[in-house]
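Turn these sequences into a full structure, and let the hints steer you where they fit.
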Amino acid sequence: AVALGNLAVLTVSAFAIGLLLALDPLVAQAVGAHDELAVRRAVQRGLLLAALITVPATLLLLPVEPILTLLRQPQGAVPIAAGYVYRSLPGLLPFFGFVVLRQTLQAHERMRPIVIVIIAANLLNLGLDIVLVFGLLGAPAMGVFGSAWATTVCRFVLFAGVLAADHRELLPLLSRVDPEALRLEPLLAMARLGAPIGIQIQLELAAFGVIGLLMGGLGTIEMAAHQVAINLASLTFMVPLGVASASAVRVGHAVGRADGPAVRRAAAAGLACGAGFMAATALLFLALPGALAGAYTTDAAVVAMAAALLPIAGVFQI
Numbered sequence: 000a001v002a003l004g005n006l007a008v009l010t011v012s013a014f015a016i017g018l019l020l021a022l023d024p025l026v027a028q029a030v031g032a033h034d035e036l037a038v039r040r041a042v043q044r045g046l047l048l049a050a051l052i053t054v055p056a057t058l059l060l061l062p063v064e065p066i067l068t069l070l071r072q073p074q075g076a077v078p079i080a081a082g083y084v085y086r087s088l089p090g091l092l093p094f095f096g097f098v099v100l101r102q103t104l105q106a107h108e109r110m111r112p113i114v115i116v117i118i119a120a121n122l123l124n125l126g127l128d129i130v131l132v133f134g135l136l137g138a139p140a141m142g143v144f145g146s147a148w149a150t151t152v153c154r155f156v157l158f159a160g161v162l163a164a165d166h167r168e169l170l171p172l173l174s175r176v177d178p179e180a181l182r183l184e185p186l187l188a189m190a191r192l193g194a195p196i197g198i199q200i201q202l203e204l205a206a207f208g209v210i211g212l213l214m215g216g217l218g219t220i221e222m223a224a225h226q227v228a229i230n231l232a233s234l235t236f237m238v239p240l241g242v243a244s245a246s247a248v249r250v251g252h253a254v255g256r257a258d259g260p261a262v263r264r265a266a267a268a269g270l271a272c273g274a275g276f277m278a279a280t281a282l283l284f285l286a287l288p289g290a291l292a293g294a295y296t297t298d299a300a301v302v303a304m305a306a307a308l309l310p311i312a313g314v315f316q317i
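Under the working numbering, the first residue of the sequence shown is numbered 0, with each subsequent residue one higher.
Derived by calculation from the structure, the hints in this document are not laboratory data.
In this text, all values refer to a predicted model and were calculated from it rather than measured experimentally.
No residue lacks a Cβ here, since even glycine has one placed at the ideal position from N, Cα and C.
Mixed in with the good hints, there may be bad ones.
Claimed, not checked - Restraint-style ranges between C-beta atoms, simulated for each label pair:
id : residue 1 : residue 2 : range
1  : 220       : 177       : 52 to 62 Å
2  : 266       : 68        : 38 to 48 Å
3  : 133       : 234       : 16 to 26 Å
4  : 125       : 286       : 23 to 33 Å
5  : 283       : 65        : 38 to 48 Å
6  : 307       : 111       : 37 to 47 Å
7  : 59        : 117       : 19 to 29 Å
8  : 267       : 61        : 42 to 52 Å
9  : 317       : 66        : 32 to 42 Å
10 : 206       : 234       : 12 to 22 Å
11 : 62        : 133       : 29 to 39 Å
12 : 267       : 65        : 44 to 54 Å
13 : 125       : 275       : 27 to 37 Å
Here it is as structure tokens:
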């Protein structure tokens with residue numbers, strides 16, 4: 000049920016996240032050109048875009064239960080998955096807002112506040128999961144729904160935490176609304192820049208999503224094993240994703256300075272780091288699939304099937 004609900008939320012959120020990644024080049028190039036006014040306008044447009052995109056994202060997730068039923072997912076899991084989705088909806092806006100603030104700080108090469116807040120939010124998420132899922136410290140045992148509430152709370156913490164952790168950098172960009180940031184034409188220009196990124200991420204996640212739905216059609220063991228394999232693959236993918244963000248910042252700064260050789264060096268370094276790391280994790284998936292799968296569950300059937308899937312995941316890592 001969690002796998003299905005999370006799949007639905009991620010699939011719908013993917014386009015919005017990609018749309019907001021347009022901030023990477025816009026803010027980085029403005030920073031490289033030392034244009035603080037352009038930085039302020041880009042950040043404010045990003046937050047406005049985050050608020051606007053939350054509306055269609057929410058509307059698309061409301062009919063999740065009949066859609067999952069139509070796609071022939073396990074009957075017992077569908078209503079629980081839908082409940083997970085509904086409790087995740089309030090966290091969409093703060094999460095999209097967090098993406099805007101994160102991209103802004105990345106473009107300024109201010110990573111420490113982001114890392115500290117993300118670590119704190121993950122630890123809080125873990126603690127809330129334990130308390131709300133299993134019903135500890137006087138809280139009712141909410142199971143799957145408790146997991147969703149924990150995630151939603153932590154998404155608010157992410158946004159507020161980043162804003163508080165680097166308020167000296169962020170508040171001057173947000174304290175006064177620039178009328179130029181509210182103009183439709185530049186807002187649409189940002190959306191046009193981000194839309195292809197959003198579509199690319201949407202298609203990539205949709206491919207994995209379709210496979211996940213096919214697994215759900217086969218049965219709960221298959222779905223669980225697939226979730227283990229895809230979770231491990233997603234975990235290792237975070238490293239080249241981070242390298243990609245760093246590359247976007249470095250390339251953006253170089254473009255802002257009109258420094259062509261630095262653009263090529265940053266791009267080459269990003270490719271080498273990203274592909275090199277994924278080659279190493281591919282070897283790990285090929286060598287230790289059983290041990291990796293066993294870290295998730297003691298269910299022998301799920302471990303055996305996940306161990307069979309992980310070598311395939313290892314190949315597509317690169």
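We went through each hint and held it up to the structure:
no.: 1; hint: 220 / 177: 52 to 62 Å; in the structure: holds, 55 Å
no.: 2; hint: 266 / 68: 38 to 48 Å; in the structure: holds, 46 Å
no.: 3; hint: 133 / 234: 16 to 26 Å; in the structure: holds, 23 Å
no.: 4; hint: 125 / 286: 23 to 33 Å; in the structure: holds, 28 Å
no.: 5; hint: 283 / 65: 38 to 48 Å; in the structure: holds, 40 Å
no.: 6; hint: 307 / 111: 37 to 47 Å; in the structure: holds, 41 Å
no.: 7; hint: 59 / 117: 19 to 29 Å; in the structure: holds, 27 Å
no.: 8; hint: 267 / 61: 42 to 52 Å; in the structure: holds, 45 Å
no.: 9; hint: 317 / 66: 32 to 42 Å; in the structure: holds, 34 Å
no.: 10; hint: 206 / 234: 12 to 22 Å; in the structure: holds, 18 Å
no.: 11; hint: 62 / 133: 29 to 39 Å; in the structure: holds, 31 Å
no.: 12; hint: 267 / 65: 44 to 54 Å; in the structure: holds, 49 Å
no.: 13; hint: 125 / 275: 27 to 37 Å; in the structure: holds, 30 Å
The earlier numbered hints are all upheld by this structure, with none contradicted.
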